[in-house]
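Novice: Starting from the known structure of chain A, fit chain B onto it as the hints suggest.
The listed protein sequences derive, respectively, from chains A and B.
Taking numbering that gives the first Met the number 0, the leading residue of the first sequence gets 0, the next gets one more, and so forth.
Taking numbering that gives the first Met the number 0, the leading residue of the second sequence gets 0, the next gets one more, and so forth.
Quick caveat, the hints were computed from the structure, so don't treat them as lab data.
Hints are not guaranteed to be accurate.
[To be verified] Pulled a few chain B residues facing chain A out of the computed Cβ check, cut under 10 angstroms: (1) 98; (2) 195; (3) 220; (4) 308.
[Said to hold, decoys possible] Residues of chain A clear of chain B, computed beta-carbon distances all greater than 10 angstroms: (5) 94; (6) 120; (7) 131; (8) 279; (9) 290; (10) 325.
The beta carbon of each residue, even a glycine, is placed where N, CA and C say it ideally should be.
Here is how the chains run, residue by residue.
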Amino acid sequence: MDIKPIKVNSLRDLPEAPISQGVTLVRKTGTWKNVKPIIGERSAPCENACPLKIRIPKFIDYLTKHEQDKASLEILRWNPFPTITGRLCPAKCETGCNRNKYDEKVSIRELEKFLGDSFLNRKHIERKERKAGKVAVLGGSVSGMAAAYVMLSEGFEVHLFLKSHETFEDVREKIPSEVLDAEGKILKNAGLEFHENARFELSSIQKEYDFVFVSSFSYPTMVEVQEPKTGKTNYEKVYSSIEDQDISKTIKNAITAAYNIAASASGTEYIEEKLGRVVPFKEIITDYFNHEPSVKEILETGTAIQEALRCFSCGTCNSCGNCYVFCPDFAVKWVDNFPEFDYDYCKGCGVCVNECPRGILELIPEK
Amino acid sequence: MSIKKVLTGNHAVSYGAMASRVQVISAYPITPQTQVVELLSELVADGKLDAIFVNVESEHSAMSACISASAAGARAFTATSAQGLALMHEMLHWAAGARLPIVLADINRAMAPPWTIWTDQNDSLSQRDTGWMQIYVESNQEAFDSIILAYKVAEQVFLPCMVVLDAFVLSHTSEPIEIHDQEKIDEYLPPYRPMVTIEPGKPIGYGALAAPDTYMEFRYKMQRAMENAVEIFEKEGKLFGDMFGHSYDLVEPYMMDDAEYVIITVGAVTSTARVAIQELRKKGEKAGLLKFRVLRPFPFEKLRELLSGRKKVAVIDRNISFGHHGIFYQEVKSALYPLSNRPPVFGYIAGLGGRDITVSDVVDIYEDMKKRETLEEIIWKGVKL
Numbered sequence: 000m001d002i003k004p005i006k007v008n009s010l011r012d013l014p015e016a017p018i019s020q021g022v023t024l025v026r027k028t029g030t031w032k033n034v035k036p037i038i039g040e041r042s043a044p045c046e047n048a049c050p051l052k053i054r055i056p057k058f059i060d061y062l063t064k065h066e067q068d069k070a071s072l073e074i075l076r077w078n079p080f081p082t083i084t085g086r087l088c089p090a091k092c093e094t095g096c097n098r099n100k101y102d103e104k105v106s107i108r109e110l111e112k113f114l115g116d117s118f119l120n121r122k123h124i125e126r127k128e129r130k131a132g133k134v135a136v137l138g139g140s141v142s143g144m145a146a147a148y149v150m151l152s153e154g155f156e157v158h159l160f161l162k163s164h165e166t167f168e169d170v171r172e173k174i175p176s177e178v179l180d181a182e183g184k185i186l187k188n189a190g191l192e193f194h195e196n197a198r199f200e201l202s203s204i205q206k207e208y209d210f211v212f213v214s215s216f217s218y219p220t221m222v223e224v225q226e227p228k229t230g231k232t233n234y235e236k237v238y239s240s241i242e243d244q245d246i247s248k249t250i251k252n253a254i255t256a257a258y259n260i261a262a263s264a265s266g267t268e269y270i271e272e273k274l275g276r277v278v279p280f281k282e283i284i285t286d287y288f289n290h291e292p293s294v295k296e297i298l299e300t301g302t303a304i305q306e307a308l309r310c311f312s313c314g315t316c317n318s319c320g321n322c323y324v325f326c327p328d329f330a331v332k333w334v335d336n337f338p339e340f341d342y343d344y345c346k347g348c349g350v351c352v353n354e355c356p357r358g359i360l361e362l363i364p365e366k
Numbered sequence: 000m001s002i003k004k005v006l007t008g009n010h011a012v013s014y015g016a017m018a019s020r021v022q023v024i025s026a027y028p029i030t031p032q033t034q035v036v037e038l039l040s041e042l043v044a045d046g047k048l049d050a051i052f053v054n055v056e057s058e059h060s061a062m063s064a065c066i067s068a069s070a071a072g073a074r075a076f077t078a079t080s081a082q083g084l085a086l087m088h089e090m091l092h093w094a095a096g097a098r099l100p101i102v103l104a105d106i107n108r109a110m111a112p113p114w115t116i117w118t119d120q121n122d123s124l125s126q127r128d129t130g131w132m133q134i135y136v137e138s139n140q141e142a143f144d145s146i147i148l149a150y151k152v153a154e155q156v157f158l159p160c161m162v163v164l165d166a167f168v169l170s171h172t173s174e175p176i177e178i179h180d181q182e183k184i185d186e187y188l189p190p191y192r193p194m195v196t197i198e199p200g201k202p203i204g205y206g207a208l209a210a211p212d213t214y215m216e217f218r219y220k221m222q223r224a225m226e227n228a229v230e231i232f233e234k235e236g237k238l239f240g241d242m243f244g245h246s247y248d249l250v251e252p253y254m255m256d257d258a259e260y261v262i263i264t265v266g267a268v269t270s271t272a273r274v275a276i277q278e279l280r281k282k283g284e285k286a287g288l289l290k291f292r293v294l295r296p297f298p299f300e301k302l303r304e305l306l307s308g309r310k311k312v313a314v315i316d317r318n319i320s321f322g323h324h325g326i327f328y329q330e331v332k333s334a335l336y337p338l339s340n341r342p343p344v345f346g347y348i349a350g351l352g353g354r355d356i357t358v359s360d361v362v363d364i365y366e367d368m369k370k371r372e373t374l375e376e377i378i379w380k381g382v383k384l
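Chain A extracted, bound-state conformation (with noise of 0.2 angstroms):
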């Protein structure tokens, strides 16, 4: 933009009132800062309580904003069954909510099971478009089922063994059975591939399939895990995975062995997302939230968002717009719902920052 002086010969040549006479964007008042706000990487203390690190502030805020699905499938992308967890889960998510600290947890695990049960009947598996090999799975528990379903997204012939015809078997007492057979007809629907009543030997499916993973409560005896962290046994590729009293570690064990079989099959190593650091408690200005108690029961999409609503969406944009409103250089874009900074014209206040009532922004230094 051009600057050019303005001479005042008479009073014709001046506004009636003092107003500039050109837009004041030439003027980049960014150059004064010494500090800049940035969006952190950070995390809710639920998600990291969470064996499967479900990105809970995410599928809430997904719930807030009345995308319904869109909550079910960000579930789905860190836990193939939410209506298991939903009803069986020690929900150490909810022992970690900071909301503990203001009135009252928020109800994550009922919001869990709403969201999976609302959505079976539309749940069906996204395959990966590629030939990613032949593989076994050694039993129909929950770890098989796990581990089924993801080698499945993943792109790979999936054949499951049973011993009898049954699938969840350790789950099957506690979990309507309506429930465990639709969840398996999803992955039959998907290309699972069942072989009831089977009797086989280790060595000759070895044999005949790329990777096999074993489930350790269908056959406690067949494999020994050596390495927890990947699920490899002592025999080659062949994974299995560490059952657990917590049926939500149990899970993580099982597609966290199915992932690794995944990198393996395509020369790769299996890298888990990392969480950003925590947002503990004090970081939360809770002078934007009136004290609610929580909803306990939820059965239908009102409540659950009105559970929803009480999340404090610890270190997760919620698009709440504090920081575009308050910003008082208009240096807060809103960009799809989400801020952006204009750094030709933030001066480094840190008013949004500080205003920030879920601890996302933080301001470093401007180099």
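Specialist: Here is chain B on its own, set in the frame of chain A:
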């Protein structure tokens, strides 16, 4: 259709703001003004007035919010009293200097200490030189009408305007008010069209630095705007009369045609003085009354026209400029100075801090003025010596 309501002066102001379709109200409560904004906040909350009510922590912020709103193109309103108005002082200069037609209702309350909540004019007169126009009203009806009129004038000359009324005498006293037909008010007062609008996408600097080579020109323009406002007050006051049945001027004569001795009053005392003048007339006195309504812009011509050739003039000041004398007294004298046949003017200080000024007080002042031979700088009425 117009309707009649029995309203206090404060509520008359609130209804005046509503009738003016104000869009942003920002205010901080202070006795005796509180009811003005209390009612407005209710009207906004009930959806009867389509405006944003901005709660603030001080009068300084209230005026700041009004300034921003007005610059952004909204019709802005606030109300305050005494210490609150004093706290606004810096931003009053800002509003006027930025040429923003904000309207403020000041419920005249004497300044503390000693602590007081009762009326006198020192709060508003302390803001005389901020560049705000000032209207002093006599009745609740006039308070209602003057809010509308204030916007009408302010938005033409781009200067803010204060509507000033007496604490308690008007603010907390009920009178029947005619609420004019809203359609006609809308016709009289069209929507506010700002001089320029500010918008985030196309930022401009408002009130930025003016070096010595330009500052004075902006002040000259403000003075010219004030001077133009005299004529606009006259024109709009007449038009108001044509449309609503009661016209307004900057100064208004009462029984002045053949008056030899004139009393000048400001605000609610005028009503009292009307009764005194009627009594004096019954006794055969050639007494007249001049109601001083608009202090800024200053009605030089009107004052000279109405006062030249009179025998004597008395000004009743419910205020004092310490070390000098009553402020309206100074102002009247300065207007008359160029006249060769100017009458002697006597200044009376009365009714400070809400002390009553009665009909007999006004009659006393009249008689005192009549028999005085020499001019005195300051005459106190009713002080316990």
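Novice: Taking each numbered hint in turn, which are not upheld by the structure, reported in ascending numerical order?
Specialist: The structure breaks only hint 4.
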